[in-house]
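Number of protein chains: 2
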Amino acid sequence: MNDEHIVSSFDEDLNNIASLILEMGGLVEVQISDARTALLSRDPNLAEQVVSKDSGVDKLETAIDNAAVGLIAKRQPVARDLRTVVVAPKIAHNLERMGDLAKNIAKRTLVLARSQPITAPNNTIGRMCDMVQQMTNEVLGAYVKRDTVVAEQVRQRDEEVDYMHNALFRELLTYIMEDPRAITPCMHLLFIAKNIERIGDHTTNIADQIHFMVHGEVPEQERPKSDDTSSTMIENEIEPR
Amino acid sequence: MNDEHIVSSFDEDLNNIASLILEMGGLVEVQISDARTALLSRDPNLAEQVVSKDSGVDKLETAIDNAAVGLIAKRQPVARDLRTVVVAPKIAHNLERMGDLAKNIAKRTLVLARSQPITAPNNTIGRMCDMVQQMTNEVLGAYVKRDTVVAEQVRQRDEEVDYMHNALFRELLTYIMEDPRAITPCMHLLFIAKNIERIGDHTTNIADQIHFMVHGEVPEQERPKSDDTSSTMIENEIEPR
Chain R
3 MNDEHIVSSF DEDLNNIASL ILEMGGLVEV QISDARTALL SRDPNLAEQV
53 VSKDSGVDKL ETAIDNAAVG LIAKRQPVAR DLRTVVVAPK IAHNLERMGD
103 LAKNIAKRTL VLARSQPITA PNNTIGRMCD MVQQMTNEVL GAYVKRDTVV
153 AEQVRQRDEE VDYMHNALFR ELLTYIMEDP RAITPCMHLL FIAKNIERIG
203 DHTTNIADQI HFMVHGEVPE QERPKSDDTS STMIENEIEP R
Chain C
3 MNDEHIVSSF DEDLNNIASL ILEMGGLVEV QISDARTALL SRDPNLAEQV
53 VSKDSGVDKL ETAIDNAAVG LIAKRQPVAR DLRTVVVAPK IAHNLERMGD
103 LAKNIAKRTL VLARSQPITA PNNTIGRMCD MVQQMTNEVL GAYVKRDTVV
153 AEQVRQRDEE VDYMHNALFR ELLTYIMEDP RAITPCMHLL FIAKNIERIG
203 DHTTNIADQI HFMVHGEVPE QERPKSDDTS STMIENEIEP R
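Chains as they are written, first to last, in our numbering: chain R, 3 to 243; chain C, 3 to 243.
Just so you know, these hints were derived from the structure itself, not from any lab.
All values reported here derive from a predicted model rather than from experimental measurement.
Backbone N, C-alpha and C define an ideal beta-carbon position, used for all residues, glycine too.
Mixed in with the good hints there might be a few duds.
Computed list of lysine-lysine pairs in DSS-like fashion (alpha-carbon distance at most 30 Å, straight line) [stated by the list, open to error]:
#1 C:Lys227 <-> R:Lys147
#2 C:Lys227 <-> R:Lys61
#3 C:Lys61 <-> R:Lys55
#4 C:Lys196 <-> R:Lys61
#5 C:Lys76 <-> R:Lys227
#6 C:Lys76 <-> R:Lys76
#7 R:Lys61 <-> R:Lys76
#8 C:Lys55 <-> R:Lys55
#9 C:Lys76 <-> R:Lys147
Here are the computed distance ranges between Cβ atoms for each label pair [to be verified]:
#10 R:Thr39 <-> C:Lys61: 23 to 31 Å
#11 C:Asn68 <-> R:Arg148: 41 to 49 Å
#12 R:Ala65 <-> C:Val80: 32 to 40 Å
#13 C:Lys61 <-> R:Ser233: 38 to 46 Å
#14 C:Asn68 <-> R:Lys76: 20 to 28 Å
#15 R:Met235 <-> C:Gly72: 20 to 28 Å
#16 R:Ala65 <-> C:Ser11: 29 to 37 Å
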């Protein structure tokens with residue numbers, strides 16, 4: 003009887019942590035989506051909202067950290083129960099970073115709203131945003147259902163984000179070469195593209211944590227990585243005007 | 003007697019984790035220092051070494067994660083002992099990211115070694131690298147000694163890194179505006195500068211963890227942040243050639 007009580011309280015504590023993660027993940031999804039809308043419509047008011055709402059995301063990370071440490075101290079879980087608790091702060095940390103990246107996109111949008119409009123890359127940027135937002139949604143679903151198959155799909159999908167990032171990176175460099183006066187907006191778009199690519203990376207980190215939570219080890223197979231912008235070299239075929 | 007034995011084994015396990023963190027931190031310091039040397043001398047061989055040595059850093063993160071989870075499961079520590087164990091994976095994660103950033107600097111150095119030489123920013127970049135390497139060294143010392151005063155000094159010092167980053171960011175933009183053919187090297191230098199600034203941020207995260215380990219809460223005072231490159235707007239006074 004007493005034993006049952008302890009187990010069910012433990013489950014309650016675990017569910018509490020899971021709810022906090024879902025709440026945090028939900029906020030981050032909205033932040034990504036709002037940052038996308040603000041960026042594509044160059045809407046400074048919505049961008050300001052994204053910036054100001056980031057502190058709510060940060061607070062949830064602290065709440066999850068405290069809940070995890072409290073649960074370990076109180077219940078001293080072992081094996082899979084322990085792993086379930088241990089991954090929570092790691093997942094929360096990834097979500098916090100994703101929130102930060104969305105905030106940074108919003109900050110840069112405030113500058114873009116005052117710059118020369120460079121709208122050609124909007125399509126690619128919009129698709130990249132949609133993809134990482136969907137990956138965020140799916141990896142949170144995989145976390146709740148302890149579904150390592152969906153988690154693995156998210157991991158694999160990140161390669162597409164990398165490909166889009168590479169293409170966008172090169173596209174933006176050519177705009178700067180064609181017209182150096184476009185440097186301010188293009189520079190911010192380059193960092194925004196990098197931020198979106200990093201959000202994708204964080205969803206794959208969460209997928210790894212789900213795998214660890216379920217199987218007790220991180221995935222063996224290396225994640226396919228195709229972001230080669232660190233090695234990009236543009237030949238100067240376009241003569242500067 | 004038995005009690006003493008348990009306590010001393012616990013201390014041994016804790017020391018083992020601390021040793022792993024110091025080993026990892028030592029590797030990361032060397033990676034930062036080698037990435038700096040490779041970058042300033044445009045040395046592709048040393049850059050390749052930095053890239054290949056990153057996996058050693060990653061392995062130590064996994065070792066620290068496992069040691070921390072094992073210790074919690076075996077010893078079920080509470081209060082400050084528990085906090086000391088809980089911060090270890092967080093510190094390891096920050097060190098892993100710092101290693102990644104050093105690797106990324108090295109990757110970009112491989113491109114820079116084949117590009118038009120832009121050496122004017124070498125001084126600022128060298129000073130930024132020195133500063134974050136010293137911050138890394140000091141924050142690791144603060145971790146071992148549980149010295150929150152030194153940890154706080156590291157946190158405060160990060161503002162200087164931000165100031166240097168802002169200046170370097172603007173300097174690099176002007177080079178691109180003056181000569182759009184310099185876009186490839188300048189672009190990589192911009193991302194390198196951002197990487198160094200991020201390494202500084204990670205040392206302040208570690209400082210926060212030290213504060214939490216000792217006092218059971220994160221520092222109240224907001225860290226002074228002065229990186230305003232997300233809002234940088236360059237007026238186009240320099241006409242493109």
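Evaluation of the provided hints:
Of the pairs offered as hints, the one joining C:Lys227 and R:Lys147 is violated, with about 39 Å between alpha carbons and a cut-off of 30 Å exceeded. Under the criterion of a C-alpha separation no larger than 30 Å, the hint pairing C:Lys227 with R:Lys61 is consistent with the structure, at around 19 Å. Straight-line distance between C-alpha atoms of C:Lys61 and R:Lys55 comes to about 36 Å, which puts the hinted pair past the 30 Å bound. Note on C:Lys196 and R:Lys61: the hinted pairing holds, with a Cα-Cα distance of about 26 Å set against a maximum of 30 Å.
Among the hinted pairs, C:Lys76 with R:Lys227 is inconsistent with the structure: their alpha-carbon atoms are about 37 Å apart, more than 30 Å. Pair hint C:Lys76 plus R:Lys76 holds up; C-alpha atoms about 15 Å apart against a cutoff of 30 Å. For the hint linking R:Lys61 to R:Lys76, the alpha-carbon distance of about 22 Å falls within 30 Å, and the restraint holds. With a CA separation close to 39 Å, the supplied pair C:Lys55 and R:Lys55 exceeds the 30 Å bound.
Taking the CA atoms of C:Lys76 and R:Lys147, the gap is near 28 Å; set against the 30 Å cutoff, the hint holds. Checked against the hint of 23 to 31 Å, the pair R:Thr39 and C:Lys61 fails, with Cβ atoms roughly 42 Å apart. In this structure the hint that C:Asn68 and R:Arg148 lie 41 to 49 Å apart at CB is violated, the actual value being about 21 Å. For the hinted restraint 32 to 40 Å between R:Ala65 and C:Val80, the CB-CB distance of approximately 20 Å leaves it violated.
Restraint check, C:Lys61 to R:Ser233: a C-beta distance of roughly 24 Å breaks the suggested window 38 to 46 Å. Under the hint 20 to 28 Å, the C-beta atoms of C:Asn68 and R:Lys76, about 23 Å apart, fit the expected range. For the pair R:Met235 and C:Gly72, the beta carbons lie near 46 Å from each other, so the given range of 20 to 28 Å is not met. Taking 29 to 37 Å as the suggested C-beta distance range, the pair R:Ala65 and C:Ser11 conforms, at roughly 33 Å.
The earlier numbered hints that this structure contradicts are 1, 3, 5, 8, 10, 11, 12, 13 and 15.
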